[in-house]
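Protein chains in written order, with my numbering: chain A, 253 to 547; chain B, 47 to 401.
Because the hints were derived from the structure by calculation, they are not lab data. Positions of the beta carbon are idealized from the N, C-alpha and C atoms, including for glycine. Take the hints with a grain of salt, since some may be wrong.
To be verified - To spell it out: a stretch of chain A is covered by chain B in this simulated footprint if at least three of its residues, at any positions, have a beta carbon under 8 Å from a beta carbon of chain B; those stretches are:
hint, region
1, 258-270
2, 336-349
3, 425-436
4, 473-484
Here's the letter readout for the chains.
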Amino acid sequence: MNLPQVVQYGLSGVTVGSIYAIVAIGFNIIYSCTGIINFAQGEFLIVGAMTAISLSHFVPLPVAIAGAVLLTTLLGGLIEIVFIRPVKNASVLRLIVITIGLSIVIREAMLHLWDETVRSLPYFTGTAVSTVTILGAHVSLQVFWVLGVSAVIVTALTLFFRFTLTGRAMRACADDRMAARLCGINDRRMVTLSFMLSAGIGALAGCVISPVTQTQYDMGAPLAIKGFTVAIIGGLGNSMGAVAAGLFLGLLEALVTSQSSAYKEAVSIVVLLLILVLRPSGLFARSDVSALRTA
Amino acid sequence: MRLRIYYPVLATAALIVALHLVLASADATYYMTQVTMSAYYALVVIGLCLLMGYAGQASLGHAGFFAIGGYTSAVLTTFNLTPYSKTPLIAQCQSLGLTMQWKDLYGAEILSFTPWVAFGAALLLTGLIALVIGASVIRLKGHYLAMATLGFGLIVYRIALGTPVLGRADGVSNVPPFHLLGSLQVNGRAPFRVQNYYIAWIVVLIAMVLALNLVHSRVGRALRSIHENEEAAHSLGVNTYRYKLAVFILSAIFAAIGGVLLTHYNGSIGPSEATVMKSVRYVAIVAVGGMANLWGAMVMGILLNFLSLRGVFGSYDDTVFGGILIVMMLFAPQGLLRVPRLRALTARLSRRSHA
Numbered sequence: 253m254n255l256p257q258v259v260q261y262g263l264s265g266v267t268v269g270s271i272y273a274i275v276a277i278g279f280n281i282i283y284s285c286t287g288i289i290n291f292a293q294g295e296f297l298i299v300g301a302m303t304a305i306s307l308s309h310f311v312p313l314p315v316a317i318a319g320a321v322l323l324t325t326l327l328g329g330l331i332e333i334v335f336i337r338p339v340k341n342a343s344v345l346r347l348i349v350i351t352i353g354l355s356i357v358i359r360e361a362m363l364h365l366w367d368e369t370v371r372s373l374p375y376f377t378g379t380a381v382s383t384v385t386i387l388g389a390h391v392s393l394q395v396f397w398v399l400g401v402s403a404v405i406v407t408a409l410t411l412f413f414r415f416t417l418t419g420r421a422m423r424a425c426a427d428d429r430m431a432a433r434l435c436g437i438n439d440r441r442m443v444t445l446s447f448m449l450s451a452g453i454g455a456l457a458g459c460v461i462s463p464v465t466q467t468q469y470d471m472g473a474p475l476a477i478k479g480f481t482v483a484i485i486g487g488l489g490n491s492m493g494a495v496a497a498g499l500f501l502g503l504l505e506a507l508v509t510s511q512s513s514a515y516k517e518a519v520s521i522v523v524l525l526l527i528l529v530l531r532p533s534g535l536f537a538r539s540d541v542s543a544l545r546t547a
Numbered sequence: 047m048r049l050r051i052y053y054p055v056l057a058t059a060a061l062i063v064a065l066h067l068v069l070a071s072a073d074a075t076y077y078m079t080q081v082t083m084s085a086y087y088a089l090v091v092i093g094l095c096l097l098m099g100y101a102g103q104a105s106l107g108h109a110g111f112f113a114i115g116g117y118t119s120a121v122l123t124t125f126n127l128t129p130y131s132k133t134p135l136i137a138q139c140q141s142l143g144l145t146m147q148w149k150d151l152y153g154a155e156i157l158s159f160t161p162w163v164a165f166g167a168a169l170l171l172t173g174l175i176a177l178v179i180g181a182s183v184i185r186l187k188g189h190y191l192a193m194a195t196l197g198f199g200l201i202v203y204r205i206a207l208g209t210p211v212l213g214r215a216d217g218v219s220n221v222p223p224f225h226l227l228g229s230l231q232v233n234g235r236a237p238f239r240v241q242n243y244y245i246a247w248i249v250v251l252i253a254m255v256l257a258l259n260l261v262h263s264r265v266g267r268a269l270r271s272i273h274e275n276e277e278a279a280h281s282l283g284v285n286t287y288r289y290k291l292a293v294f295i296l297s298a299i300f301a302a303i304g305g306v307l308l309t310h311y312n313g314s315i316g317p318s319e320a321t322v323m324k325s326v327r328y329v330a331i332v333a334v335g336g337m338a339n340l341w342g343a344m345v346m347g348i349l350l351n352f353l354s355l356r357g358v359f360g361s362y363d364d365t366v367f368g369g370i371l372i373v374m375m376l377f378a379p380q381g382l383l384r385v386p387r388l389r390a391l392t393a394r395l396s397r398r399s400h401a
């Protein structure tokens, strides 16, 4: 491989990798608050992108995307209130099975709403063929949108969890729900908020990646698997770990694709199985995180 | 006392014969075809019920084991060995009677392994794969195990979809009937309909007797103790890892038997049998049946698969099974046959009758 090819594959790896990282962070937010792995996480991206595509026929693109993110956020909250909150003293397994069911029902609902057509949002700036040249490689402008939006999401979330009262309350719930409740934090509201937050960032990620990868009703499950792999490699609940792991998996996939595209899909699954067997607490796991979660 | 657990087996056998008579008198024996297919799917559900309901371990990859069984048998019975018939290995197999000569749909002569050999190979391969996979993932808990088995299922699906000898997206067709004994054969053609209805049910009932035997034994109690509280079971001297692994392999083999027999019955198998949605469907059926309820699993396995095969759910097939998962987990985690209120009612009734 020559330098332009390396840059080309590297940038495409970083692009999908940053989307995987956002999916993984979506997993993390809900997992830290509730201990649930939300199998419907991938569906949030597709719902967001599909809604934005439909809205974009009527309103300007930025408004359509904002509307889609808002609607998906509300959907996330609704799902928590209707399907997760009523289940009292449930085993984690029971809640996971509910989210598996939800992911199927959402996917099938999308099939009936938007049929099987592959759609995509228009490129945010320029067209499908406008590129900039970096070190001899042609890079689509959308790549910078994906990277920029992902960076903004990660930064905003970090600031939110560190400096706002609500963000700190959510962290308190993640640490110890009972203690948080004793401090006067409305823990149920925090759980709802965690579902809304991860649905919202999922929808935004789905929108920015849509022009590049396009969108079809059944693309949520593969995204969820990859996002989960990334979340596990980074250590569940560790958002910076998720970013590093997302870029790692994206680059690995790009490397494999550059040799043979047939095995691209298998890469993340093999990595997932390996990591689950060898080091289920993740590569960057801190001992205190895992200690918290076993309680 | 101990024989009491087998009474429902006799009752079911009577119901099976009754159903045959009803269908025959209504001139609707064509329903038997879907009942037979459902019975083979029910085998997967019975095995999964042992693993999920009794040992408390979720698997989202059982369609993978079903497919491994089905594909192994399909390939071994259709792969034409004629070009290799002079090699010492194949010649040896021929003289041992492990191969058979038959004509396919288009009249071409085919030399292949017999279904019994393929059946044995399929179970052996499934058992080995389940051992390797299980030995590494069964230590994982809850969502980790669910994701790992899901990953396994996806890999099987990808392999089926990408391997030329497995027919890629078309799957393997033209699979010969499975001659069991004398004129008994697993064959999907209309003249064999009644015979196959009984063959499938007998296989299911044998599986039920084995499973019932297992859960009412020392092993079954150990499994339930693992389900209730794994640490406690471990501290009482139950080798939790070994029991979980054994049940994992057993349930995989149940799934593979279903896969082999259904493949010979249909005469084909395709990658759609290996999808994650199929695995989720088996989990949903175990959930409706009541998790730790073998009879519930069997009844629901037959009923729901039958309705699905008849096309009752139309284009909402997957939605129905996804919806079932949500509704069951929300309102009746003990299964349809054990809705809490119903249970309280029966308890009150039985108390009154004792008084």
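For each hint, the structure was consulted:
Taking a C-beta to C-beta cut-off of 8 Å, the region 258-270 of chain A contributes 0 residues in contact with chain B, too few for the three needed, and the coverage statement is violated. Judged by the Cβ-Cβ criterion of 8 Å, the region 336-349 of chain A is covered by chain B as claimed, because 9 of its residues qualify and three suffice. For the region 425-436 of chain A, the proposed coverage by chain B is not satisfied: 0 residues have a C-beta within less than 8 Å of a C-beta in that chain, short of the threshold of three. Counting residues of the region 473-484 of chain A whose C-beta lies closer than 8 Å to any C-beta of chain B gives 4; at least three are required, and the coverage claim holds.
Figure legend: structure checked against the earlier numbered hints; hints not met, in rising order: 1, 3.
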